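Chemist: In order, the protein sequence lines correspond to chains E and H. Quick note: the first sequence uses our numbering, first residue 1, plus one each step. Quick note: the second sequence uses our numbering, first residue 1, plus one each step.
One or more of the hints may lead you astray.
Once the Cα atoms are required to be at most 25 Å apart in a straight line, the calculated PhoX-like pairs of lysine-lysine come out as [stated by the list, open to error]: (1) K42(H) <-> K102(E); (2) K88(E) <-> K55(E); (3) K102(E) <-> K14(E); (4) K88(E) <-> K2(H); (5) K2(H) <-> K90(E); (6) K42(H) <-> K55(E); (7) K14(E) <-> K55(E).
Here are the computed distance ranges between Cβ atoms for each label pair [stated by the list, open to error]: (8) E64(E) <-> K2(H): 30 to 40 Å; (9) Y98(E) <-> L52(H): 22 to 32 Å; (10) K70(H) <-> R66(E): 58 to 68 Å; (11) D157(E) <-> L59(H): 54 to 64 Å; (12) I57(H) <-> E12(E): 33 to 43 Å; (13) V37(H) <-> R126(E): 38 to 48 Å; (14) L52(H) <-> R76(E): 46 to 56 Å; (15) K2(H) <-> D157(E): 28 to 38 Å; (16) K70(H) <-> M84(E): 36 to 46 Å; (17) R26(E) <-> M1(H): 50 to 60 Å; (18) H41(E) <-> A18(H): 54 to 64 Å; (19) D128(E) <-> A61(H): 50 to 60 Å; (20) R66(E) <-> L59(H): 28 to 38 Å; (21) I154(E) <-> A50(H): 51 to 61 Å.
Just so you know, the hints here were simulated from the structure itself, not pulled from any lab data. The model shown is predicted, which means the values in this text are computed figures rather than measured ones. Just so you know, even glycine gets a beta-carbon here, dropped at the ideal spot from N, CA and C.
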Amino acid sequence: MENPDELHQLREAKADPARFAPLYERYFADIFRFVLRRVQHRELTADLTQQTFLKAMLALATYEPRGLPFRAWLYRIALNEVRMHWRKRKEILIDVSYREVKGLSEEMGLDLDETEMQRLGRAMARLDDDRARLIELRYMDGLSFAELGQVLGIGEDAAKMRTHRVLGQLRTYLAPRR
Amino acid sequence: MKRQYRITPEGPEQPTEAEIARYRDPQRLIYNYTRAVRRPRKPLYRDPKAFLLLLFIVLIAYLISEERQKQAVPTITPTQQGTSDR
Numbered sequence: 001m002e003n004p005d006e007l008h009q010l011r012e013a014k015a016d017p018a019r020f021a022p023l024y025e026r027y028f029a030d031i032f033r034f035v036l037r038r039v040q041h042r043e044l045t046a047d048l049t050q051q052t053f054l055k056a057m058l059a060l061a062t063y064e065p066r067g068l069p070f071r072a073w074l075y076r077i078a079l080n081e082v083r084m085h086w087r088k089r090k091e092i093l094i095d096v097s098y099r100e101v102k103g104l105s106e107e108m109g110l111d112l113d114e115t116e117m118q119r120l121g122r123a124m125a126r127l128d129d130d131r132a133r134l135i136e137l138r139y140m141d142g143l144s145f146a147e148l149g150q151v152l153g154i155g156e157d158a159a160k161m162r163t164h165r166v167l168g169q170l171r172t173y174l175a176p177r178r
Numbered sequence: 001m002k003r004q005y006r007i008t009p010e011g012p013e014q015p016t017e018a019e020i021a022r023y024r025d026p027q028r029l030i031y032n033y034t035r036a037v038r039r040p041r042k043p044l045y046r047d048p049k050a051f052l053l054l055l056f057i058v059l060i061a062y063l064i065s066e067e068r069q070k071q072a073v074p075t076i077t078p079t080q081q082g083t084s085d086r
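Produce the complete structure using the sequences and hints provided.
Modeler: Laid out in structure tokens, this is it:
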């Protein structure tokens, strides 16, 4: 849910794009970290982040709050920018810390040790693109289901349901083979 | 596209707030925005695509006007011409 301060800033920015700066200042670090987690190169991250805000400014007139966080809308644009950057890549390597997968490990009943984390990494690598993205957004970026829904263009309940299904699939991949 | 995950205790080094702030540049953003929304300086006739479009429109207009003129002038057939001579 947006706070009144953010709504006010949004209204001001819609009326005059030069007043977009407070929103930029407010979310720059969030978007920078979000992009960096994926591309893992600071200069490139800075460019993609700048591009994300430019696209947001250009599309601001079409943005309607509808009670959903503005940050999630920015994440959606950022994710698109990252996808555009990745479009010619066949394989990507994502570096993650134990802290970032802590929630997911708990959900899967795994210990935070090297063997278990390697298993988790291998299981996650078996997920298709859309499912892997969902897990990253929910557990590594820490998005709420409402935010997740907005980023993926689905409702909150659908986001919950989809996450539940992907977790089930991940559990199957993690189950020891007989 | 295939994803690979490397999960390590520390993960990649995270930038500090100060490091992130170095990349923050609202003035560049406003500049880029202004450039993106500004009308193109290049005149229409210098843009090859726009020029071709313009040429096409002129051609269509010319053809329509020619067709209208043809319809407006009554055609005299040779038989009609012979009768009028007598």
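Chemist: Check whether the Cα positions of K42(H) and K102(E) lie no farther apart than 25 Å.
Modeler: At roughly 55 Å apart (the allowed maximum being 25 Å), K102(E) and K42(H) break the hint.
Chemist: Between K88(E) and K2(H), is the straight-line Cα distance small enough, at 25 Å or below?
Modeler: Cα-Cα ~12 Å, so holds.
Chemist: CA of K14(E) to CA of K55(E), is that 25 Å or under?
Modeler: Distance of about 14 Å is within 25 Å: holds.
Chemist: Range hint 28 to 38 Å: satisfied by the CB atoms of R66(E) and L59(H)?
Modeler: violated, 48 Å
Chemist: Taking the beta carbons of K70(H) and M84(E), is their distance inside 36 to 46 Å?
Modeler: violated, 53 Å
Chemist: May I ask you to test the hint 28 to 38 Å on the CB atoms belonging to K2(H) and D157(E)?
Modeler: The hinted range 28 to 38 Å holds for K2(H) and D157(E), with Cβ atoms some 30 Å apart.
Chemist: Please test the hint of 54 to 64 Å on the beta carbon pair from D157(E) and L59(H).
Modeler: Hint holds: Cβ distance 57 Å, inside 54 to 64 Å.
Chemist: Confirm or reject the claim that I57(H) and E12(E) have a C-beta distance inside 33 to 43 Å.
Modeler: Holds, at about 42 Å.
Chemist: For K42(H) and K55(E), compute the direct alpha-carbon distance and say whether it is at most 25 Å.
Modeler: Given pair K42(H), K55(E) holds - Cα atoms ~24 Å apart, limit 25 Å.
Chemist: Verify the proposed pairing of K102(E) with K14(E), using a straight-line Cα cut of 25 Å.
Modeler: violated, 39 Å
Chemist: Could you say whether the range 50 to 60 Å given as a hint is met by the Cβ separation of D128(E) and A61(H)?
Modeler: holds, 54 Å
Chemist: Should the hint that K70(H) and R66(E) are 58 to 68 Å apart at their CB atoms be regarded as holding?
Modeler: With Cβ atoms ~59 Å apart, the hint holds.
When held up to the earlier numbered hints, the structure conflicts with 1, 3, 9, 14, 16, 17, 18, 20 and 21 and fits the remainder.
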